[in-house]
Every structure is written in structure tokens, then in C-alpha cells.
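Construct all of the structure, not just a fragment, from the sequences and the given hints.
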Amino acid sequence: MPVMPERSAVISGIGLSAIGRRLDRSGLNLALDAVLGALADAGLERSDIDGVATGSGYAVAPGASPVSTMDLKEALGLELNWYSGASDSTQMSALISATMAVASGQARHVVIFRAVTEASARRQCVEDHVASRVDGWLQWLAPFNAPSAANWIAMAATRYFREFGATREQLAQVALNGRRNAALTADAAYRVPLTMEEYLTSRMISTPLCLFDCDVPIDGAVAMVVSHVDAARDLRVPAIHIESIAGPLYGRDTWDQQHDLSRFAGADAAKRLWSRTDLRPKDVDVAQLYDGFSFLPVIWLEDMGFCGRGEGAAFVEHGTRIALDGELPLNTSGGQLSFGRLHGMGLIHEACVQLRNVGGARQVPDDPSVALVTNGGGPVASAVLLVRH
Amino acid sequence: MCILHCNGCGEWLHPPGPVCPGCLSRDLAPRQVSGFATVETYTINHQAWLAGPAMPYVIAIVSLDDCPSVRLTTNLIDCDPADVRIGDRVRVVFEQHHDVWLPLFVHI
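Note that the protein sequences, when read in sequence, are chains A and B. Once you know that position 260 of the first sequence is 260 in my numbering, the rest is easy, because the numbers rise by one and skip nothing. Each position in the second sequence, counted from 1, maps to that position plus 1000 in my numbering.
Read the hints as simulated data drawn from the structure, not as lab findings. You may find that some hints are simply not true.
To be verified - For each label pair, taking beta carbons as the anchor points, the in silico distance ranges come out as: (1) Pro1015/B / Gly310/A: 26 to 34 Å; (2) Asp1027/B / Pro248/A: 24 to 32 Å; (3) Pro1068/B / Ser47/A: 53 to 61 Å; (4) Ser1069/B / Asp234/A: 51 to 59 Å; (5) Pro1081/B / Gly310/A: 40 to 48 Å.
Every residue gets a Cβ at the ideal spot worked out from N, C-alpha and C, and that includes glycine.
Here's what the structure looks like:
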């Protein structure tokens, strides 16, 4: 296999702001904490940074992407050789774009970041969001009072439950696992223990998904520095290498037009990811699988090849395989269900923490060296395999 | 009920667009369909996302008999949500909102 260009990129620094429900701080303030944290972590000066990328996700909700690449550039007085912040980007686009930028020589050190103020924004949401007309793809959903990803993913789950006999008790294990790991993670938004009984008796959002099947809108920011491997030889921290990265777009653009209504684009991302590396699912030491809803990691497990089609719910049953000491530790800082929703970039951050072996109480044992991160769930899906040499 | 149809290759297009993604023909026209459909999946929604509808209500994806590749996200109305199942047979009814007629579905 030829050497893939993404192998010339490394994650050289990581940073996280305060995370919480309603911090009453601006998105830019939070982004600055994360970005300056990542620079300090990498041992870089701001004059070293010559690229910036962020991503918004194509379904932009209030507070989902309040800080642009331009905002950050202005605040830090950066001089950029390259930047990217496309409005129709997906959760992993910033990392994918930054990787290509350093691999192609457009930049040496790229800051990628994602700031969110979705918890604060939610306060105004109900009042402000009553539009008399919608356009774009939401015009096929909002008039039927189905404006939320919870509805779309609930319908995929309904179909999956019917086809494969999955149960709410199985799905619960993803949420319970996340909460157990969040309890060991100081920054996580929700750390109080969650029991199966609380899960099963919690309020229903959109059947079969209950409150604890849905991720948590937060205020916070995460940042990383993506550097060319040649520019990162004297880091103060272990470089995290990008072994393989993929973000294809093959299928239709909405959930309801997918060829198979009980799955999503994850299989396309998986096929492309594994085609770019000699590593295989059995080589993965820790997995951070996108959990905007508890149902999504179940499908990701299947699509990524950790189990067969229809076997994902059984894979997570009892929670033992996906626990910190299990065969495939999953969402080790609590994931978006309990740590909070940083739209996928938080999962990449946590993969770096685990590969550096600095997870503290939540550290996966036996010095993990290969981490899989997936982002998305629905028409868009992307994945990255990270390694520590 | 009409769905956009390609006169070039016979494909049905939904949501409608200016060109057939199959054969690139722009010779497209709405064609009438029966309005009969099958419930492919559904959810009973309990969360108030938007002001208006009484809770809970049923959101469903249906496939149209005349063009099964076309799915519509819609509401199933005039039914007990607890009775809805995948595979249910339904037909379209229209609900007028100013100059827009929303295609909703009822059990046959």
C-alpha cells in the first residue's frame, strides 16, 4: 500500500475550555481558552500558527458555531497562509482539511477549533424559532413537526429494533457507559450516576429514544494543533499521528431518502478509512464513536467492522465489552451523551488524551496506541484512525 | 398527489430538482400518483420542538406505491399512536395551510 498523505500530519497540541451548561461566556472567549491551551500544550507560539480551520456542521442550530475562522484570526492577530471554515462542512471537516493543508504544504501548523454556546442559546430557542416559512431540506421535515435529529434518528432506531429485535435495555448501555466514564472525568457536564431504572423511566423524547439517549447541549470549546510531522519533531508531548482519515459523501442528503432506513453513511466512511491503512478493527485499542444519540454508536460498531450487521446492540449488551477495561473501551470521557456535545471534535480530543496515556481515573489500561474516532450519523459520516508510535 | 418524474429515463425525483441525477435530463414534469403508501418506519414524538401540535403525535416515513424509491416524511393522523406498526397501509390526505397543502397520511 502506498504511503497515504495524511501520515505527514500529526496532532501536536490539544486544548479544552471550561465545559458546562450555561457558562454565560461568549463563544470567542471559550475558543480562546481552548486555542491558547492547545498552543501551550504543543509548545508553540502564536507566530508559529499559519493556518486555522473550524467546521459548523450542515445543520446549524443556534449557538452551534458562533466563532468563525475570521473571528479567531482577528482576536489573536494571526497571519494565515491558509484557512477554512465552510458553512456546509461536517463534524470532522476541520481535521480533514487541516490534515490536507499540512500534507500539501499550504500550512505548517494549523489550529482547528470548535466553540459552542448551545446551552445558552437554548434559552431563546423556543421563542425565536417560530418561522412562518422554511426552505432547503428542512422544508420536507419541519412542516410535519419533525425538525429535530432526535426524530430522524428515532425512526432509524424504530426500524432497526424491528429488523434485529434490539431493545431499549441494550441501547441504555451506551448511555450508562458514557455516564460511568463521565463520572471519572472532571470536565464532563453530567457526572451524577445513572441507573438502568432511571434510564427506563425517564421521559420519552421520540420513541424509542428517551431523554438519556440524546446528547447534551453545552457551552464550551475544544481546539487542536495539526502540524506537519517535520515541524513537530521536538514537541513537549507525544505526537499523535494520523494513520488514515476519510469523509466521503455517497448517499442522499437526508435520513428519509437513505437506501437502508436503519443505517446511515457510516459504512461508506468505514470502507474508505480501512482502505487507507493496513490496520484492522482488531488493532483498535480505544474507540470514540459519535454519540449524538445512543443509537449511533451501535451502528458505528457494525459499520466499522467490530461486529456484524444487526449485532451492534448485542455487542453493547451488559456494557462489559465497551467499559474502560473491556475489549473495546468506548467514549471514555463520557461522550456527547454525558461529557457534552462538541460536535465530534471533543471525541478527537479524548482520543489524544487516551493515546498520550494521561486520562487519569478514566485512562484505558495497557498503554493504548491505536484509537478510532468517528463523527456524524446520518447522511454525513467521517472517521479517523489515530496512532501513537 | 404529484411527484416529479423524469421523461428521459422514467426515474422519480424527490425532493424535486432541476435535473435528473440519473440521466441528466431536464425534461421533468410532475406526474400524478395514487397516494397509497406503506409505513417504512415511524416515531411517536413527545417533545415540543415547535409551538402548535398536540402531544404525542406520529411522524412516519412512508414509501409511495407508485414509486417505492420515493420516501416522504409525514404525519400519520386520526390514529392511536400505540397502534402504528411498520408495514401499515396508508393513503394521503391534504391539510391546507394558506397556499401550502401538506401531504399527511391516514390508515386505509
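Worksheet item: Which hints, by number, does the structure contradict?
Response: Violated hint (a single one): 5; every other hint is consistent with the structure.
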